[in-house]
Amino acid sequence: MNLDEIKKKMEAEGMKDLSVPTNIKQLEKSKLPIQKVRKSMRSEIITQLVIIVLFFAAPLMLEMHQMAKGLYFILQFITALITLLYIAKMTWFLNKTSSISGSSRDTVIGFIHDLKLTLEVYKTAIIAGSLILPLSVAALFSGSGKLSISIGRIQLGGEDLFFKLFSLDMSAKYLLICIGIYLIVAAIIYYTTVKWADGLYGIHINKLEETLQEFEV
Amino acid sequence: MQITEEAFLAAINQHKGILYKVSRMYFDTLEDQQDLFQEIIIQLWNSIGSFKGTSELSSWMYRVALNTAIVFFKKEKKKPGRESLFENDGFADEAYDDHKDQQLAHFYEAVKKLNKIEKAIILQLVEGFSGKEIAQNLGMSEGNIRVKTKRTKEKLQNIIKTQGYES
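Residue numbers (my numbering), protein chains in the order written: chain A, 1 to 217; chain B, 1 to 167.
This is chain B alone, in the form it adopts within the complex:
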């Protein structure tokens, strides 16, 4: 697909929620999220030529964003002064009054303990993707995805329970 830089950036702006959710799902520090967010834009720009237009642009962006997150590794050393978003949000220190905020904070905290593929499955479940779509995106059979989804959901539930939170 031929696209101008302006049109590309406009499309990114329109769907930046996808990039944000993937970055947020995979990393908990702002620095890592920024790095991944930028890396996804680079990979989208580099791969836009391979987008044939046979699927929705947002679905294609989702796939590239997830793939980038899966092959991206955060920096080994952290610069001082960069804090976790949870810490920025006061997850550790401040009491949450709002049930839903607490739910999301616990969800992200639990997701940190999942591996990269489990994170991809959970994010796509949250987005409402079908088992078939998840299987296609990840390159796995539908049967394997069913088993993996069941185990991942159980694992996530258990982590959330051990955190002392039940939704």
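Bound conformation, chain A alone:
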């Protein structure tokens, strides 16, 4: 294999359909994994915020006890605040990208690091916002008097359910059941978010880790 001949042929080969744009605006957005992941994450977090804001309107469609309504708004406000803080933090973080002009190995390591950090920040943002959601939903439905449940021989419904739930006016056994239900819902939210994020975005990390392995002799 004559590398000099290959070089001459490569240089003699026409550039086919590859041309340099006449201005920077003609370039499309970057398609590097980190940019694609960050773009999707940004829109997902903003979507989450929009959904939270829409949730604020829910009590307008339901007749609720004033205390339930107040609690619901406080919980929604905290959720919105957490999400907003994460959006602010992420906007700063998402604009930071590792240098691509260092050595190839450092570039790959930097990209893996950035992707992992981005993924962790994303998971925390989604999970932190979502963990208050079961409490908001419980306040919304129990406070509207439209929900009734039976626990053993005890029938709970309407405002009675709301006050019992949120003043923890129940036996230790039922308190443990409520905590258990909340933890199960929280675990489902956590597991779904982690699986969703890893499945959707983890693939890019795996590919880059495979590339990093290729540096090994």
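Everything labelled a hint here was simulated from the structure, so no lab data went into it. One or more hints might be untrue.
[Claimed, not checked] Subject to a maximum C-alpha distance of 30 Å in a straight line, what follows is the list of computed DSS-like cross-link-like pairs (lysine-lysine):
1) B/LYS74 with A/LYS31
2) B/LYS132 with A/LYS7
3) B/LYS116 with A/LYS9
4) B/LYS16 with B/LYS52
5) A/LYS39 with A/LYS96
6) B/LYS16 with A/LYS29
7) A/LYS7 with B/LYS16
8) A/LYS7 with B/LYS74
9) A/LYS39 with B/LYS16
10) B/LYS116 with A/LYS36
11) B/LYS75 with A/LYS116
12) A/LYS207 with B/LYS132
13) B/LYS150 with A/LYS7
[Said to hold, decoys possible] Stretch by stretch, here's where chain B covers chain A in the computed footprint (C-beta under 8 Å, at least three residues):
14) 18-27
15) 104-110
16) 201-212
Don't be surprised by glycine CBs; every beta carbon is placed ideally from N, CA and C.
Let chain A serve as the given structure and place chain B on it in line with the hints.
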């Protein structure tokens, strides 16, 4: 380095051969090559501020182009109607009369079977980079590069031989 858009694009035009060779080395379909070619320009534009002028602009461009190719992944799904350049060139169907054309076509066909780091090594060897320069660009020790270069060249030779071509 502060540079105007016009000056930047003029520099890209002057050294576009680097971008072409990297794109051609890493992808065989025109669509993927166009995507990578454009991505390299984006990354060069985004990183031009980090160019200190201590090395040749072309060397710096080469490094950014290679790094971009290494962290760039082609689209999973291909749009119909986009063919491989080899197919466009008639590599599969037409007989080549010219020995050198055949040599380059076989070279690119064999390169497809190399991994991203092996491609980077071969491209830099073709360009005449020294072992020290390749080691610096890739972030590996010179000793490791020597071993990897030897193995990569052997691997490429074997692939070319299995293709039924010997240069």
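Each hint tested on the structure:
no. : hint                   : result
1   : B/LYS74 with A/LYS31   : holds (9 Å)
2   : B/LYS132 with A/LYS7   : holds (20 Å)
3   : B/LYS116 with A/LYS9   : holds (22 Å)
4   : B/LYS16 with B/LYS52   : holds (21 Å)
5   : A/LYS39 with A/LYS96   : holds (13 Å)
6   : B/LYS16 with A/LYS29   : holds (20 Å)
7   : A/LYS7 with B/LYS16    : holds (15 Å)
8   : A/LYS7 with B/LYS74    : holds (25 Å)
9   : A/LYS39 with B/LYS16   : holds (29 Å)
10  : B/LYS116 with A/LYS36  : holds (21 Å)
11  : B/LYS75 with A/LYS116  : holds (21 Å)
12  : A/LYS207 with B/LYS132 : holds (28 Å)
13  : B/LYS150 with A/LYS7   : holds (19 Å)
14  : 18-27                  : holds (count 7)
15  : 104-110                : holds (count 5)
16  : 201-212                : holds (count 4)
Consistency note: the structure conflicts with none of the earlier hints.
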